[in-house]
Amino acid sequence: MNNILCFCEDCGKKNILNPTPLQNKKAEFRCSSCNYLNAYPLNLQERVYLKKADLFFKEIVDASEIMGSFLYHIKKGVLKNNMPKLLKKNDLNILGAILIKSYQLCISQYKDVNEMTLVISDKNMVAKQISSELFIILSCKTRPLSQSIYNKLTHLVSDNK
Amino acid sequence: MTLIEKFSQISRIEGVDQYVLVDQIGNIVAHKIDDPQKVAKIVFNLGKNFYSLGKTQFKHVTFSRENQKNFFIFPVGNHCLGVIKQKNINNITLTDNIVNFLNSLLKE
Numbered sequence: 070m071n072n073i074l075c076f077c078e079d080c081g082k083k084n085i086l087n088p089t090p091l092q093n094k095k096a097e098f099r100c101s102s103c104n105y106l107n108a109y110p111l112n113l114q115e116r117v118y119l120k121k122a123d124l125f126f127k128e129i130v131d132a133s134e135i136m137g138s139f140l141y142h143i144k145k146g147v148l149k150n151n152m153p154k155l156l157k158k159n160d161l162n163i164l165g166a167i168l169i170k171s172y173q174l175c176i177s178q179y180k181d182v183n184e185m186t187l188v189i190s191d192k193n194m195v196a197k198q199i200s201s202e203l204f205i206i207l208s209c210k211t212r213p214l215s216q217s218i219y220n221k222l223t224h225l226v227s228d229n230k
Numbered sequence: 006m007t008l009i010e011k012f013s014q015i016s017r018i019e020g021v022d023q024y025v026l027v028d029q030i031g032n033i034v035a036h037k038i039d040d041p042q043k044v045a046k047i048v049f050n051l052g053k054n055f056y057s058l059g060k061t062q063f064k065h066v067t068f069s070r071e072n073q074k075n076f077f078i079f080p081v082g083n084h085c086l087g088v089i090k091q092k093n094i095n096n097i098t099l100t101d102n103i104v105n106f107l108n109s110l111l112k113e
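Each protein sequence line maps, in turn, to chains S and H.
Sequence positions in the first sequence follow my numbering and run 70 to 230.
Sequence positions in the second sequence follow my numbering and run 6 to 113.
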């Protein structure tokens, strides 16, 4: 049987598991890095992504170039929102749907697309794929992103793939 | 020189590898690109998507690629221009070059 990749809920470390500890469709394992005892339903793996995204949002909250950010899930819509209050959740659902539909349309021709930057009015919308159905979208005042923000974003995305 | 002939000079712009210009109903007006029909359809549909966010507000979009031959879309009046850049030029230089070229065409 193939090994399974599970993230530690506490520190985010990737743990490679053989299927044996997956009791009752739960990932029950002790993290190889922090020793935290994980026990979460596998279909809630998304929670780990959300936790990591939370950390990312906190890291960029004081960055003057970032106007806001949100997480968009293809089926569930906006999962986390750090955008200006002026934009309601429904607005973000529409915006997210248009951006991600466009991202996927381009990938249908160019498989190696890994980022989209839309320049609209005086704003830049940067979209990156976190997992097969989850995307992060940043609204920025300037382009390209500063190296520091870009590194954090790349880290968030690469850790989850 | 016709407008299309003038437009085809876009392929001489520094950093432009391939391009396709699509009209408001998805027809190809000019191109020098691989797989033109399929790419034109994508450019047309992407243009519609971004126009829906604000037709006069949409400046351009960049799809970054691992092979660095990034794909761009620019609004040109009611048309949409798709461009694939060469590897050895950065995104901002290319977008500036294209915007300057389009502005010079509009002035003529």
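Worth double-checking, as some hints may not be accurate.
[What the hints assert, rightly or not] Heads up, incomplete: computed chain H residues facing chain S, CB under 7 Å, no partners named:
| id | residue |
| --- | --- |
| 1 | HIS36 |
| 2 | GLN62 |
| 3 | HIS65 |
[What the hints assert, rightly or not] Listed next, with one range per pair, are the computed distances between beta-carbon atoms:
| id | chain 1 | residue 1 | chain 2 | residue 2 | range |
| --- | --- | --- | --- | --- | --- |
| 4 | H | LYS11 | S | LEU124 | 48 to 54 Å |
| 5 | S | GLU134 | H | THR98 | 45 to 51 Å |
| 6 | H | MET6 | S | LYS83 | 57 to 63 Å |
| 7 | H | ASP40 | S | PRO153 | 35 to 41 Å |
| 8 | S | ASP191 | H | SER57 | 16 to 22 Å |
| 9 | S | SER133 | H | ASP40 | 57 to 63 Å |
| 10 | S | LEU156 | H | SER16 | 36 to 42 Å |
| 11 | H | ASP39 | S | LEU155 | 39 to 45 Å |
| 12 | H | GLU10 | S | LYS83 | 53 to 59 Å |
| 13 | S | ASP131 | H | LYS11 | 55 to 61 Å |
[To be verified] Where chain H lies over chain S, by a calculated footprint (3+ residues, C-beta under 8 Å):
| id | segment |
| --- | --- |
| 14 | 103 to 109 |
| 15 | 148 to 155 |
These are calculated hints, taken from the structure and not from any lab test.
A virtual CB, placed ideally from N, CA and C, is assigned to each residue, including glycine.
Status of each hint after checking the structure:
Below 7 Å, beta-carbon pairs count as interface contacts, and HIS36 of chain H has none with chain S, the closest being about 14 Å; its hint is therefore violated. Taking 7 Å as the C-beta cut-off, the interface hint given for GLN62 of chain H holds, the closest approach to chain S being about 4 Å. Because the smallest distance between the Cβ of HIS65 of chain H and any Cβ of chain S comes to about 5 Å, under 7 Å, the interface hint for this residue holds. Between LYS11 of chain H and LEU124 of chain S the C-beta distance comes to about 52 Å, which sits within the given range of 48 to 54 Å.
For GLU134 of chain S and THR98 of chain H, the hinted distance range of 45 to 51 Å is not satisfied, since their beta carbons lie about 20 Å from each other. At about 59 Å, the CB distance of MET6 of chain H to LYS83 of chain S agrees with the hint of 57 to 63 Å. Checked against the given bound of 35 to 41 Å, the beta carbons of ASP40 of chain H and PRO153 of chain S, roughly 40 Å apart, stay inside it. Take ASP191 of chain S and SER57 of chain H: their Cβ atoms lie about 19 Å apart, and the range 16 to 22 Å holds.
At about 42 Å, the CB distance of SER133 of chain S to ASP40 of chain H disagrees with the hint of 57 to 63 Å. Judged by the Cβ atoms, the range 36 to 42 Å given for LEU156 of chain S and SER16 of chain H holds: they are separated by roughly 40 Å. For ASP39 of chain H and LEU155 of chain S, the hinted distance range of 39 to 45 Å is satisfied, since their beta carbons lie about 42 Å from each other. Checking the proposed 53 to 59 Å range against GLU10 of chain H and LYS83 of chain S shows it holds: the Cβ atoms sit about 56 Å from each other.
Take ASP131 of chain S and LYS11 of chain H: their Cβ atoms lie about 48 Å apart, and the range 55 to 61 Å is violated. Given a C-beta distance limit of less than 8 Å, the hint that chain H covers the segment 103 to 109 of chain S is violated, as 0 residues qualify and 3 are needed. Judged by the Cβ-Cβ criterion of 8 Å, the segment 148 to 155 of chain S is not covered by chain H as claimed, because only 0 of its residues qualify and three are needed.
Going down the numbered hints, you'll see the structure goes against 1, 5, 9, 13, 14, 15, while the others check out.
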